[in-house]
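K.L.:
So you can see what is in the structure, the chains are spelled out below.
There are 2 protein chains.
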Amino acid sequence: MRKVAESTVRRLSLYLRFLEEFEGQGVATVSSGALASRGGTTSAQVRKDLSFFGSFGKRGLGYPVPELADRLRQILGLKRRYRVALIGAGKIGSALVQYRGFRQRGFDIVAIFDTDPAKVGRQWNGLTILDIADLEREVSRQTIDMAVLVTPADAAQAVADRIVALGVKAILNFAPVQLAVPDDVVVKTVNLALELETLSYALANR
Amino acid sequence: MRKVAESTVRRLSLYLRFLEEFEGQGVATVSSGALASRGGTTSAQVRKDLSFFGSFGKRGLGYPVPELADRLRQILGLKRRYRVALIGAGKIGSALVQYRGFRQRGFDIVAIFDTDPAKVGRQWNGLTILDIADLEREVSRQTIDMAVLVTPADAAQAVADRIVALGVKAILNFAPVQLAVPDDVVVKTVNLALELETLSYALANR
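Chains G and U, in that order, give the protein sequences. Here the first sequence stands for residues -15 to 190, where the numbers follow the working numbering. Here the second sequence stands for residues -15 to 190, where the numbers follow the working numbering.
Just so you know, not all the hints are guaranteed correct.
No copy labels: a pair is met if it fits in one copy or bridges any two.
Cross-link-like lysine-lysine pairs, in silico, DSSO-like; alpha carbons within 30 angstroms at most [what the hints assert, rightly or not]: (1) Lys63 - Lys103; (2) Lys153 - Lys63; (3) Lys(-13) - Lys63; (4) Lys172 - Lys103; (5) Lys75 - Lys(-13); (6) Lys(-13) - Lys103.
Hints listed in this document are in silico derivations from the structure and should not be mistaken for laboratory results.
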């Protein structure tokens, strides 16, 4: 498969959301224009994005909704569920555990770790917060597909190293650092202050 | 000024973080290679990113740390503080209000709104949660530079329309919808489930 830009993958996710709404309404076909409006883009971009993955739809008839949705789920790796470990039981971790959007899309937080003795042993959403010292023991005894890292900046790399050593291949990182990981591990860093800086940049350079 | 890609702006934010650590340590100059390692990129990319904004540093001597940091703050619009309204006092809103990263970078949450009568009137971080019905009155009586939207999907567009009508030009949107706004308003959407989907895509297509 050709290398696909992250911006394309993000638009595919948005198209899928739109298709699923249409599926729920029993709509059979959708135009590239309608998908474009959802993805904040153009019909030409939609056709280009989808062309990476083969041929869909018939000219003038639009895209068949259930088939395209199913194909996008397959492309995005969403035809299965993922077991996710949350590392860091702070405020953001608490919000993430209760975030319905994860479970709806197939991402189940199944383990929570923290270093703070005051937090270890507490129940969050039916899960007992575990001591990070037990990370290796716990992760080796159940399958973990992904880790969500919400640690302080100075702890993140060491925790990432331990997770990677346990065979976890995907990390969503909220710590404000760039993690170094082997080539076969994928890391996506979310930095909330940095998101605001893209806004301040836009305001300062309009 | 030339149109600069968002990916460039994001790297500038990362370079600035690194420069500020160096400033704190009293380091006078830094190489493009060192900045590259922080931004997860190459020396050539660093030089290219900075070249958008003029000439920095001397060949072989590296970049002067305080000057470059100051210039990046200027470029990123970080030489001032921003007054931010939080709309939606749920779990993610709660985490954001307490997120130190915002204040550290110059973003002060100064007003919180919600629709829920059980939440309106409560104190969060010294701020009283206000009724969204009073949005117009409250926002017109103080300066609001940015809004952070953490509403349910089906409420987000209507709230965005009201914020835009009040003259707010920048929105950080956590609702899982694509907002329609006028051309002079900048919106950045953060969709946490979508971040995990970029990981599932990578796992499914490795």
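K.L.:
Against each hint, give a clear statement of whether it holds in the structure.
P.N.:
Evaluation of the provided hints:
{"no.": "1", "hint": "Lys63 - Lys103", "result": "neither (34 angstroms within a copy, 38 angstroms between copies)"}
{"no.": "2", "hint": "Lys153 - Lys63", "result": "within (18 angstroms within a copy, 39 angstroms between copies)"}
{"no.": "3", "hint": "Lys(-13) - Lys63", "result": "within (21 angstroms within a copy, 39 angstroms between copies)"}
{"no.": "4", "hint": "Lys172 - Lys103", "result": "within (26 angstroms within a copy, 33 angstroms between copies)"}
{"no.": "5", "hint": "Lys75 - Lys(-13)", "result": "neither (36 angstroms within a copy, 36 angstroms between copies)"}
{"no.": "6", "hint": "Lys(-13) - Lys103", "result": "neither (42 angstroms within a copy, 47 angstroms between copies)"}
Taken one by one, the earlier hints fail for this structure at numbers 1, 5 and 6, listed in ascending order.
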